[in-house]
Amino acid sequence: MLDTAPLLERISFPELHRDGTRTLQVNLGYRCNQACRHCHVDAGPKRTEEMDGATVALVLEYLARSGAQTLDLTGGAPELNPHFRHLVVEARRLGVEVIDRCNLTILEEPDQEGLAEFLAANRVRVTASLPCYQDRNVDAQRGEGVFERSIRALRRLNGLGYGDPAGGLVLELVYNPLGPTLPPPQKALEAAYRRELEQRYGVRFNRLLCLANMPIRRFGHALLRDGTFHPYLELLRGAHRDENLEGVMCRTLISVDWQGWVHDCDFNQMLGIPLGGEGPVHLRDLLGRDPAGKRIATRGHCYGCTAGQGSSCGGALEGGG
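Every letter in the sequence shown is one number past the one before it in my numbering, and letter 185, counting from 1, is 185.
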């Protein structure tokens, strides 16, 4: 696979420092029932990396001692980790909000019976990938038949109360462009999603999050292969806005990989850049202390978070575009 890391390292980015940690984002493993074209994790059915029970216990210890308010679970498909449900239950017992970054089709896998009901019972916030409201675009990016399966999963979640503003079970959808372009304004696109999904399929949701594609791993490889890496980087850099620097996720989030190593964000994790860009840091090293005030490691891909309306794990940074 063509690697964009050496190219990104040469590109400077404004200096950033950490605020207090509010979110612990944990990658439970790279195994997934899908292999999406845009995936910056390079996840797929053949990946075998997954977090073990001892590291899951360390995550829970950190949550108990740190005062972090949110546990953000990612993968691959995080639900495929055998410790997923235990981690969710124990985190909720600590009073921590849990986010499940769900690809929706996992709800139909034969070994995931009762997953939707489990998420609802534990009041997990579901942040679900749906890169378009049209079937052909979703299937082109994520695989044949994925859109139809995703709609069935969304209807199932709606039936459990997800997406009902009065019920408190939050369902967010995630949009990302099909190619090397910036996401459109989040607020306007959310209105289109809401109209099309409700009229065509009877699906409701709480909020749409617009994310830019990062020029790393599988998507970065495609950019280099197609000769569009440098034009895409110039697009991101040209659309950079200094005001977005205040809202980037890495200020209040730390990212933990499946082995417990800590990074400034999920994208740095995939590039192998440790917390602060210095020596390796393990989650056990942070027990009882917060890296607030420390420098954040930055590279050229960081412009993906500050271009245009901005982009983060929580969607656009400028209030929805």
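Among the clues, some could well be false.
Claimed, not checked - Pairs of lysine to any residue, SDA-like flavour, derived with a Cα cap of 20 Å:
| id | residue 1 | residue 2 |
| --- | --- | --- |
| 1 | K46 | R207 |
| 2 | K294 | E108 |
| 3 | K46 | C132 |
| 4 | K294 | R18 |
| 5 | K187 | Q199 |
| 6 | K294 | G67 |
| 7 | K294 | G247 |
| 8 | K294 | L245 |
| 9 | K187 | E243 |
| 10 | K294 | E246 |
| 11 | K294 | W261 |
| 12 | K46 | D111 |
| 13 | K187 | P165 |
| 14 | K187 | G247 |
| 15 | K294 | R22 |
| 16 | K294 | A307 |
| 17 | K46 | E61 |
| 18 | K187 | D164 |
| 19 | K46 | E144 |
| 20 | K294 | P274 |
| 21 | K46 | H221 |
| 22 | K294 | R207 |
| 23 | K187 | C132 |
| 24 | K294 | P14 |
| 25 | K187 | R218 |
| 26 | K294 | T252 |
| 27 | K187 | A239 |
| 28 | K187 | V174 |
| 29 | K46 | Q134 |
| 30 | K187 | E109 |
| 31 | K294 | P280 |
| 32 | K187 | A307 |
| 33 | K46 | P110 |
| 34 | K294 | D19 |
| 35 | K187 | N206 |
| 36 | K294 | R284 |
| 37 | K294 | S66 |
| 38 | K46 | E278 |
| 39 | K294 | T23 |
Everything labelled a hint here was simulated from the structure, so no lab data went into it.
### Message
Hinted pair, alpha-carbon criterion (20 Å max): K187, Q199. Please report holds or violated.
### Response
Since the Cα atoms of K187 and Q199 sit roughly 18 Å apart, the hinted pair holds (cutoff 20 Å).
### Message
Against the 20 Å threshold, does the CA-CA distance of K46 and Q134 hold or violate the hint?
### Response
Not satisfied, since the Cα-Cα distance of roughly 28 Å exceeds 20 Å.
### Message
Next pair to validate is K294 with G247; report whether the Cα-Cα distance is within 20 Å.
### Response
OK: K294 and G247 at ~16 Å, within 20 Å.
### Task
Please work out if K187 and P165 have their alpha carbons no farther apart than 20 Å.
holds (17 Å)
### Query
Has the given pair, K294 with A307, been kept, meaning a C-alpha gap of at most 20 Å?
violated (24 Å)
### Query
Is the hinted pair K294 and E246 satisfied, with a Cα-Cα distance of at most 20 Å?
holds (15 Å)
### Task
Take the C-alpha atoms of K294 and W261, compute the straight-line distance between them, and say whether it is at most 20 Å.
This hinted pair holds, its Cα atoms lying about 17 Å apart.
### Query
If you draw a straight line from the CA of K294 to the CA of S66, is it 20 Å or shorter?
It holds: about 17 Å lies between the C-alpha atoms, which stays within 20 Å.
### Message
Hinted pair, alpha-carbon criterion (20 Å max): K46, E278. Please report holds or violated.
### Response
violated (31 Å)
### Query
Are the Cα atoms of K294 and R18 separated by 20 Å or less?
holds (5 Å)
#### Entry: Agreement of K46 and H221 with the hint, judged by alpha carbon distance not exceeding 20 Å
Distance of about 19 Å is within 20 Å: holds.
### Message
Holds or violated: K294 and L245, Cα atoms, limit 20 Å.
### Response
With a Cα-Cα distance of about 15 Å, the restraint between K294 and L245 holds, given a limit of 20 Å.
Checked against the numbered hints given earlier, this structure breaks hints 1, 2, 3, 16, 17, 22, 25, 29, 30, 38; the rest are met.
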